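Undergrad: Now for the letters of each chain:
Number of protein chains: 2
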Amino acid sequence: MGDAITPRSQDYAAWYTDVIQRAELADYAPVKGCMVIRPYGYALWEEIQAGLDGRFKATGHQNAYFPLFIPMSFMQKEAQHVEGFAPELAVVTHGGGEALEEPLVVRPTSETVIGYMYAQWIKSYRDLPVLINQWGNVVRWEMRTRLFLRTTEFLWQEGHTAHTSDEEAQEETLRMLDVYADFAENEAAIPVIKGCKSTSEKFAGAQRSYTIEAMMGDRKALQSATSHNLGQNFAKAFNIQYLDKNNQLQYCWTTSWGLSTRMIGAIIMTHGDDQGLKLPPRLAPIQAIIVPIAKNAEERSKVLEVVKRIAASLGKEIRWKVDEREGYTAGWKFNEWELRGVPLRIEIGPKDVAQGQVVLARRDRLGKEGKTFVPQAELLTRVKQVLDEIQHNLYQQALQFRREHTHEPHDYEAFKEAVADGFALAYWCGSGDCETAIKNETKATNRCIPLDQEGQPGKCIYCGKLAKEKAIFARAY
Amino acid sequence: MGDAITPRSQDYAAWYTDVIQRAELADYAPVKGCMVIRPYGYALWEEIQAGLDGRFKATGHQNAYFPLFIPMSFMQKEAQHVEGFAPELAVVTHGGGEALEEPLVVRPTSETVIGYMYAQWIKSYRDLPVLINQWGNVVRWEMRTRLFLRTTEFLWQEGHTAHTSDEEAQEETLRMLDVYADFAENEAAIPVIKGCKSTSEKFAGAQRSYTIEAMMGDRKALQSATSHNLGQNFAKAFNIQYLDKNNQLQYCWTTSWGLSTRMIGAIIMTHGDDQGLKLPPRLAPIQAIIVPIAKNAEERSKVLEVVKRIAASLGKEIRWKVDEREGYTAGWKFNEWELRGVPLRIEIGPKDVAQGQVVLARRDRLGKEGKTFVPQAELLTRVKQVLDEIQHNLYQQALQFRREHTHEPHDYEAFKEAVADGFALAYWCGSGDCETAIKNETKATNRCIPLDQEGQPGKCIYCGKLAKEKAIFARAY
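Going line by line, the protein sequences match chains A and B. Residue 373 in numbering that gives the first Met the number 0 sits at position 374 of the first sequence; the count goes up by one each step and never skips. Residue 176 in numbering that gives the first Met the number 0 sits at position 177 of the second sequence; the count goes up by one each step and never skips.
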């Protein structure tokens, strides 16, 4: 933990990697492009899982588990799907010492194998809707990888549902987009823009793809979760059919939606600063770190006695930890827990013991202005209150930052300046040619067509033709 | 759900598969030897995970995630390890459309890749012990597979720890064996025998392997979890070294321990009967199923009103569900939930509404003797009490069954009869030749040398030579 973190202004990518390694969130695996998620990073993922899983169950979904291996022939059944995923596949050709008759793909996503199973399970309209989620690992062979953002193997959840109508599938698609947005904003304190992906950016095999897009600290966009209306594409490829009320055989309408360990990258880059990580209290594995301060053994034993009592008073309502380690100065510990993004520090020294108080120090307001003295008896109440304030503040800061760097340019010159600074919200005619030209000229891609639109038509920022809606353009991860 | 379950007495293996498929715990995947865990089976796995994860964290362990892919060369670094696992490996030879320079193994277990990472992370005695657990999937290419018991891919947890001494590693190995035994007995209601594996049965690469062995309903043994003291074998293969207090470089002592979805097979076969599954209340995804009974719409609306109230009174302390489906008779629903192993049924009809009561029907005591009338006002208290009784009763029944089929034969003829009936606890000299001869002649294998021994030496049941300890022999899964 000795080396300094590269400042963001100097090299944002180096800052990002430094923070991850110094905070011990993750490490590089021996296999190229793969990642090890270390205990602190995994604890963060467990909090993310808990927040999402509760929301999935509250909206009627159940978890299940489908196999890691998919027959190569399955991938080929949906034309767009195989085209999109073929270049990224990892292929098992040998098992048990012998060459396999048919190579197996390590799942890059599970529409195909889940579609195959749904075709076995679904017989009648009474079996619908099927609302299933899976937590697991997937593999996509990536050329350029970056910890959490793009790794060959990553952890995620993938929801897969089947319905009796397009309307119901569309409702489900948007319901889960709302679930993701609610999670991102209220748990991760990340403001997001909900929108529809353009044809060139949609999921391989989807009818329509939706996304939540967030602005990172370097003003680039990060697609943070997606929800897809698959129409009848996979139902037709895998014969997912049911008998309707009139005893007629019909194809289902299916959806899929996913959020991955990439969310950890979003949290790092939305909130982090040159001191390191800054975790939103609702997801922080450690919400409050208690640091006893003592100059000698006598002081230490007095302080630790009180520390024990106040830790007990926090109970299980707060995720806290005491840093009792000897051989490290209090200042060193302060730095370390700031680097690791713990939202709140509780300091207690001999003076505080004498005065029946503790010091609360906020990670989101370093220095004197973030410090308050709190009577020990009021600790739990005050800690909960301050954690709520920090949660709110992180969200507001991120929202403010995004607003400052989001522009509505009215001509292409202003557009180019806008995407050099952050997000550009601009009319777009819907043509892939305009998207491509914009990308080639500015490196900005069409992030989404926001669901929230003013409604009047305008002129495409690139070609000037009629445009019904505005889109968000930005450089992106 | 129309077909009857094969009776156990007729074909135990068919009964097992019927129960799994009819109860919708799992299904066959399109890839040979792989399994789909359906929502009801996965919900059971989630309860198992919660029970174990809490115990792991209470004993100081943290979760982390290591990569799915392991370089083939890693597998070869520990001689016994590669010998044991080579025949079972699935191998990725292509990624992103190209042949890989070095083939990658899909992890069959993670000692090697975790050992490699520990070697990077551990520098000093201050970094020890490292106590990490991983929840994930592993792949072992199996010839003969059976749902939950032996599948090509399965879900499990694998703990991996590193220590400064053999004693500490041994303590950890036995601590986790105790955790497994405690979980099996108190959550899954499965009595287990804790013991040490013989050399021929130990984990490939371990110094000593420990197991918990349980007796299934067909009197065969099932190894239900294992804990391994790996000595310095993997530390030496992967250079897991630390500087001790005297600044001397030392090799660590490591352990590993695992429990898999096989535990679901153990639960099915320990408690199930010809009516189907019988789940222990502490792990049952649905602990109480509420079945409203009504002959017409008027009755139905009256009954449902009370059902709503009593369901609310159970709150979140009990995992309950109301089966409101129309178009199914009450009798059909009773059968279905019995088949699916729900410990307790709460019936409520018009008469019960009038009398302010409900009927509780126990899955572990079908028929009249398992039914009691309970005042609605006392429901929560009584449900909790009856669930505790069922939990206790399932354990006692399984223990009684194991006792009835465990024998202590004093000569080889009696031994042969004993292993034809169940478990034989007999003196064994420690020789692999005796084990092999016994296996060839009786199909029984050495399950374990129980930790609990009387302490006097005796004569080996096979060769008659001096034997210090007794071992459990049985036919096994």
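The hints are simulated quantities; they were obtained by calculation from the structure and are not laboratory data. Misleading hints may appear alongside valid ones.
One copy or two, either will do: identical chains are not told apart, so a pair holds if it fits within one copy or between any two.
As a list, the in silico PhoX-like pairs of lysine-lysine whose alpha-carbon atoms are at most 20 Å apart [to be verified]:
no., residue 1, residue 2
1, LYS370, LYS31
2, LYS244, LYS442
3, LYS467, LYS235
4, LYS235, LYS193
5, LYS31, LYS415
6, LYS320, LYS201
7, LYS383, LYS320
8, LYS76, LYS320
9, LYS467, LYS76
10, LYS219, LYS307
11, LYS332, LYS76
12, LYS370, LYS76
13, LYS367, LYS464
14, LYS370, LYS438
15, LYS315, LYS56
16, LYS76, LYS301
17, LYS31, LYS219
18, LYS320, LYS56
19, LYS307, LYS442
20, LYS464, LYS383
21, LYS464, LYS294
22, LYS367, LYS442
This structure is a prediction, so every number in the text was calculated from the model and none was measured.
Undergrad: Would you mind marking each hint as holding or not holding in the structure?
TA: Checked hints:
Within a single copy, LYS370 and LYS31 get their C-alpha atoms no closer than 44 Å, and across copies no closer than 61 Å, so neither meets the 20 Å cut-off. Taking the shortest Cα distances, LYS244 and LYS442 never come within 20 Å of each other, neither inside one copy (52 Å) nor across copies (55 Å). Taking CA atoms no more than 20 Å apart as the test, LYS467 paired with LYS235 passes in neither setting, with 32 Å inside one copy and 67 Å between copies. In this assembly of identical chains, the alpha carbons of LYS235 and LYS193 never lie at most 20 Å apart, being 29 Å within a copy and 52 Å across copies at closest.
With identical chains, the CA atoms of LYS31 and LYS415 are never at most 20 Å apart, being 36 Å at best within one copy and 54 Å at best between copies. With identical chains, the CA atoms of LYS320 and LYS201 are never at most 20 Å apart, being 44 Å at best within one copy and 39 Å at best between copies. In the homo-oligomer, the alpha carbons of LYS383 and LYS320 lie at most 20 Å apart inside one protomer (15 Å), although the nearest pairing across protomers, at 34 Å, exceeds that limit. Proximity of LYS76 and LYS320 under a CA criterion of 20 Å is satisfied in neither setting, with 52 Å inside one chain copy and 39 Å between copies.
Proximity of LYS467 to LYS76 under the C-alpha cut-off of 20 Å is found in neither arrangement, the shortest distances being 35 Å within a copy and 63 Å between copies. Taking the shortest alpha-carbon separations for LYS219 and LYS307, neither the intra-copy value of 45 Å nor the inter-copy value of 50 Å comes in at or below 20 Å. In this assembly of identical chains, the alpha carbons of LYS332 and LYS76 never lie at most 20 Å apart, being 56 Å within a copy and 39 Å across copies at closest. In this assembly of identical chains, the alpha carbons of LYS370 and LYS76 never lie at most 20 Å apart, being 61 Å within a copy and 53 Å across copies at closest.
Neither within a single protomer nor between protomers do LYS367 and LYS464 lie at most 20 Å apart by alpha-carbon distance, with minima of 55 Å and 79 Å respectively. For the identical chains of this complex, LYS370 and LYS438 are neighbours neither inside a copy (46 Å) nor across copies (71 Å), given an alpha-carbon limit of 20 Å. Only between protomers do LYS315 and LYS56 lie at most 20 Å apart by alpha-carbon distance; the minimum there is 14 Å, versus 24 Å within a single protomer. For a Cα distance limit of 20 Å, the shortest separation of LYS76 from LYS301 qualifies neither inside one copy, at 70 Å, nor across copies, at 51 Å.
Proximity of LYS31 to LYS219 under the C-alpha cut-off of 20 Å is found in neither arrangement, the shortest distances being 25 Å within a copy and 45 Å between copies. Proximity of LYS320 and LYS56 under a CA criterion of 20 Å is satisfied inter-copy only: 14 Å between copies versus 30 Å inside one chain copy. Taking the shortest Cα distances, LYS307 and LYS442 never come within 20 Å of each other, neither inside one copy (55 Å) nor across copies (58 Å). Neither within a single protomer nor between protomers do LYS464 and LYS383 lie at most 20 Å apart by alpha-carbon distance, with minima of 54 Å and 69 Å respectively.
For the homomeric pair LYS464 and LYS294, neither the shortest alpha-carbon distance inside one copy (73 Å) nor that between copies (66 Å) is at most 20 Å. Taking identical chains as interchangeable, the C-alpha atoms of LYS367 and LYS442 are never at most 20 Å apart, the minima being 42 Å within one chain and 75 Å between chains.
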